[in-house]
Amino acid sequence: MGLFDKKPNLEELKQKYQPVLRVAEQQQVRLQSVVVQNNKLFLKGVAPSQEAKNKVWDQIKLVDPAYNDLTADITVEAGVFTETVRSGQTGQTYTVKSGDTLSALSKKFYGNANAYMRIFEANRDQLKDPDKIQAGQKLIIPPAAT
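This note's numbering numbers the first residue of the sequence shown as 24 and each following residue consecutively.
Computed cross-link-like contacts, EDC-like style, restricted to lysine to aspartate or glutamate with a CA-CA straight-line distance of at most 20 angstroms: (1) K161 to E144; (2) K151 to D92; (3) K78 to E48; (4) K67 to E34; (5) K78 to D96; (6) K63 to E34; (7) K63 to D81; (8) K131 to D154; (9) K37 to D96; (10) K130 to D152; (11) K84 to E74; (12) K67 to E48; (13) K39 to D92; (14) K84 to D152; (15) K67 to D96; (16) K78 to E100; (17) K84 to D148; (18) K151 to D87; (19) K67 to E100; (20) K63 to D92; (21) K155 to E144; (22) K155 to D96; (23) K130 to D154; (24) K37 to E48; (25) K151 to E74; (26) K120 to D152.
By construction, these hints were calculated from the structure, which means they are not laboratory data.
Could you build the full structure based on these sequences and the hints that come with them?
As structure tokens, this is what we get:
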């Protein structure tokens, strides 16, 4: 029996991610399920705003930057189409389609493919690498710089 044979149980993972569960409650995120699935804690919930969702993700990264034992599926409440982006600016959301890249989206929305890091920075809660986006992801497109 090796060190890595032990499978985490629900209580151990809930204890580890207790700060995340606390922030979710404070931010009024409605958790629909908290279960162990494939040896990971699986959180599914609906946040009242993008800001609330971001705060939960910030806490997840504080608890465990790799979050190898956690899968979080937190969506923003339906009906919230315009998101507040840094310093009170409003942006729009875009649903990624197959074949999209951040550079192509940057070219489409800003006229400059090299401005892709603007989109990446606004979506750090769900993107780890600007080269890896997936069809179906809902990204915030910040307004063009003025």
